[in-house]
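Engineer: Now for the letters of each chain:
There are 2 protein chains.
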Amino acid sequence: MKSGRDLNPVLDRVDRTLESSLDRLFDFLRIPSISAQPAHAGDCRRAADWLCAELAAIGLDASVRETPGHPMVVAHDRSAAEGPHVLFYGHYDVQPVDPLELWHSAPFDPKLVRNDDGTARIVARGASDDKGQVMTFVEALRALRAEQGTLPLRVSIVIEGEEESGGANLLPFLQANRDELRADVALICDTSMLEGGVPAITTALRGMVGEDVTIHCASRDLHSGIYGNAARNPIELLCGILASVRDADSGRVLLPGFYDGVQDPLAEVRAQWQAIAPSDADFLGPVGLSVPAGERGYSAIEQTWCRPTFEINGMTGGYTGDGFKTVLPAQASAKVSFRLVAGQDPARIRAAFRDHVRAMLPADCTVEFAAHGGSFASVVPSDGPALPAALAALGAEWGHPAVTVGSGGSIPVVSEVKQALGMDSLLIGFALEDDRIHSPNEKYDLTSFHRGIRSWVRVLGALADA
Amino acid sequence: MKSGRDLNPVLDRVDRTLESSLDRLFDFLRIPSISAQPAHAGDCRRAADWLCAELAAIGLDASVRETPGHPMVVAHDRSAAEGPHVLFYGHYDVQPVDPLELWHSAPFDPKLVRNDDGTARIVARGASDDKGQVMTFVEALRALRAEQGTLPLRVSIVIEGEEESGGANLLPFLQANRDELRADVALICDTSMLEGGVPAITTALRGMVGEDVTIHCASRDLHSGIYGNAARNPIELLCGILASVRDADSGRVLLPGFYDGVQDPLAEVRAQWQAIAPSDADFLGPVGLSVPAGERGYSAIEQTWCRPTFEINGMTGGYTGDGFKTVLPAQASAKVSFRLVAGQDPARIRAAFRDHVRAMLPADCTVEFAAHGGSFASVVPSDGPALPAALAALGAEWGHPAVTVGSGGSIPVVSEVKQALGMDSLLIGFALEDDRIHSPNEKYDLTSFHRGIRSWVRVLGALADA
Chain A
1 MKSGRDLNPV LDRVDRTLES SLDRLFDFLR IPSISAQPAH AGDCRRAADW
51 LCAELAAIGL DASVRETPGH PMVVAHDRSA AEGPHVLFYG HYDVQPVDPL
101 ELWHSAPFDP KLVRNDDGTA RIVARGASDD KGQVMTFVEA LRALRAEQGT
151 LPLRVSIVIE GEEESGGANL LPFLQANRDE LRADVALICD TSMLEGGVPA
201 ITTALRGMVG EDVTIHCASR DLHSGIYGNA ARNPIELLCG ILASVRDADS
251 GRVLLPGFYD GVQDPLAEVR AQWQAIAPSD ADFLGPVGLS VPAGERGYSA
301 IEQTWCRPTF EINGMTGGYT GDGFKTVLPA QASAKVSFRL VAGQDPARIR
351 AAFRDHVRAM LPADCTVEFA AHGGSFASVV PSDGPALPAA LAALGAEWGH
401 PAVTVGSGGS IPVVSEVKQA LGMDSLLIGF ALEDDRIHSP NEKYDLTSFH
451 RGIRSWVRVL GALADA
Chain B
1 MKSGRDLNPV LDRVDRTLES SLDRLFDFLR IPSISAQPAH AGDCRRAADW
51 LCAELAAIGL DASVRETPGH PMVVAHDRSA AEGPHVLFYG HYDVQPVDPL
101 ELWHSAPFDP KLVRNDDGTA RIVARGASDD KGQVMTFVEA LRALRAEQGT
151 LPLRVSIVIE GEEESGGANL LPFLQANRDE LRADVALICD TSMLEGGVPA
201 ITTALRGMVG EDVTIHCASR DLHSGIYGNA ARNPIELLCG ILASVRDADS
251 GRVLLPGFYD GVQDPLAEVR AQWQAIAPSD ADFLGPVGLS VPAGERGYSA
301 IEQTWCRPTF EINGMTGGYT GDGFKTVLPA QASAKVSFRL VAGQDPARIR
351 AAFRDHVRAM LPADCTVEFA AHGGSFASVV PSDGPALPAA LAALGAEWGH
401 PAVTVGSGGS IPVVSEVKQA LGMDSLLIGF ALEDDRIHSP NEKYDLTSFH
451 RGIRSWVRVL GALADA
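In the order they appear, the protein sequences are chains A and B.
All the letters of the first sequence, read from the start, carry residue numbers 1 to 466 under UniProt numbering.
All the letters of the second sequence, read from the start, carry residue numbers 1 to 466 under UniProt numbering.
Since the hints were made in silico from the structure, they are not lab data.
There may be inaccurate statements among the hints.
[To be verified] These stretches of chain B come out as covered by chain A in the derived footprint (C-beta under 8 angstroms, 3 or more residues):
| no. | stretch |
| --- | --- |
| 1 | 32 to 43 |
| 2 | 354 to 364 |
| 3 | 401 to 415 |
| 4 | 436 to 449 |
| 5 | 453 to 460 |
C-beta: ideal position from N, C-alpha, C; glycine also.
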């Protein structure tokens, strides 16, 4: 640090005003901004408008900006005359909520629920991913401006509304607004800490390829008593195709060229991970599992942080309601995804999957594909002053040295920011692995929210002085 | 025939009153009596009440009789002092209607639609299976009673409301009412003619075993970016299990003992079928297919009439809505069925399937099964005077010799009538293979309905004289 900046009055203000910060987050969480479902397009715009108004109230130059899809929120704080310039990224859209019947309270009626140990959690869709995380940054700005009049550095903000639905419009938007958005470093708040309150900056992220595949056989649904056996069953066909993507014994994906360019982590990195990462039992136990299911020879955490995957995210065909219906359906479909690591090209992986499906198609059957996502893995370089400054600031807030980790998730913005703006990103988040993101009863610990705000106050101070 | 019974006045009345017969069928079709869906329980009862009232109006002693499920309609016509006694069976319940968006008109708003060739079809759920077919018999009774005062033979009727949802209550009901329901022969109207208006009596029926199988892995839905690879995916697991039931090359079901006791049809039967049955191209072409998909070495029609099958009737897991959701679900489920031929024991087939699934379950995973149906195949003996008399009557009506055929469908009532009442059944129906039963836009040709009524007038006359 270059200066002895006193952040304590700002941190005190964060503590003092936590209740009103929470009220604002709840207002945000009440907006059902599900980007994947066209019926919620109006809600996505409402969320953008709400966020824009909040940023303007803090004193930022904020605007809602159109895209071919859901709008972007862009804001600039020019209160700092000098110092580095950071670009903050988050997303205001959320995942769908089904299966709704598994929620203990309505997903868009946020609740503060007391835990058995006296702590509390915020329960709602988006509480953790990503509205709660976005608001840690927004509330940090509010406290800094309120207490000090100016921010310690220049801040720009872009919050998108399509992170959960492909995010096709982000890259063109960044490219089209390159001059306005370019800064020294990007700050992205969409990741987790380690269990037990160990703060972490994510430096390796996987890419993703998503595919929607539909197999068509007969021209209409058939009676299985009349046509069974004789007419091709698209569910059975799709089962066979999807089951053949992975070798059951080794757990390896069998698509030709899938592992081309994929490298194992360095021995020293593996050793560091072994020291800080949860064991297989600790990682899988909380979700009711004990044995890693994927590639042999890798721990569960290694599979997540450094190995590519194949997953079936959804599948449907035929009659799936109550009772029984002896239908032989005309079609069956599945949503599948691949998480990619450094060295893999999303376009090549997508083509390999499509070739594999087509090669297994018998006569009379056709296939349709729809692409979702498609991003390279990214690795954040550890040189330069920003990473150590941010790690130190997080360590000071959480009372535990901060660590660098890999992430199994895919945050395409990291490679898009690099591609469009030539900037590296720092991925700093306060979520926990048990936040149930994308699942019923998503939560964000009140501690994550509260100390997340305090963390950003410290990180912005540290980056200003780095 | 023993007598020169003149049925022409009755047949003329059928022709003259077709419009009011059609009005009554439409009233019946408007009742959404979907037995598999609990929300329609009241509609099932309404359908039973409606049918009971119609039979009483004709002059039968009709009643609605309680069961642990949907009620039965039972009726007796005692206007004939002598002659043989027949028991007619049909069902008033219908299949679910999804996918609703594929219907061109509302499934319970019946329409008479004109075909390009000037003929017409009745379009509604249940038009063919089985309300239209049931009403051919009811309207025949009405015309006979109206024209002649009495029926030519003694008639009892049982119409159930659970044929499409397992039919668990029929056998106990037949057993409990054995003295009341026992007759000389059962008449069942739930089968098809051959294409091109060739009348047929079905003499071989397959049995069925249905299973609902659900695989559970993690204790909750997971984020595939965090847990993908490392946590078992139940959809992928279920795909692998279901794909392993059948050998991809030979098309044979691989469950141990599956073909024990199964015999190929006699060479002379195969030759007869080859003469009358549609070719693979004729059978599969109308539904957009050209190549039989099942067991090698059997024609499509042989697969349907005399070979056992394995079918996946429905499958669901994970996210199946619009867009994409990178979920790794906690469970996946499928509905599967086996059609059985003579020699196969439904209990043994069910056990073999369950053993197969359990043997493939890895650590951490559990499976739940729910049984649906479970009936032996049945073969109707061709000795005695009833079969030739009915064949002759049908031939006279349709202007083409009637034939005996096998059916791929399962009509458990045949074996249940045999077991509970010791009676053989004649399966006489006027549906066509293209009736889209169990599918959107189900139809029943106006010709099937009209000449079906006329057929029953002739068949009842012929049986009275046989």
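Engineer: Now tell me, hint by hint, if it's right for this structure.
Structural biologist: Results for each hint:
{"no.": "1", "hint": "32 to 43", "verdict": "holds (count 4)"}
{"no.": "2", "hint": "354 to 364", "verdict": "holds (count 3)"}
{"no.": "3", "hint": "401 to 415", "verdict": "holds (count 4)"}
{"no.": "4", "hint": "436 to 449", "verdict": "holds (count 5)"}
{"no.": "5", "hint": "453 to 460", "verdict": "violated (count 0)"}
Against the hints set out earlier in the document, a violation occurs for number 5 only.
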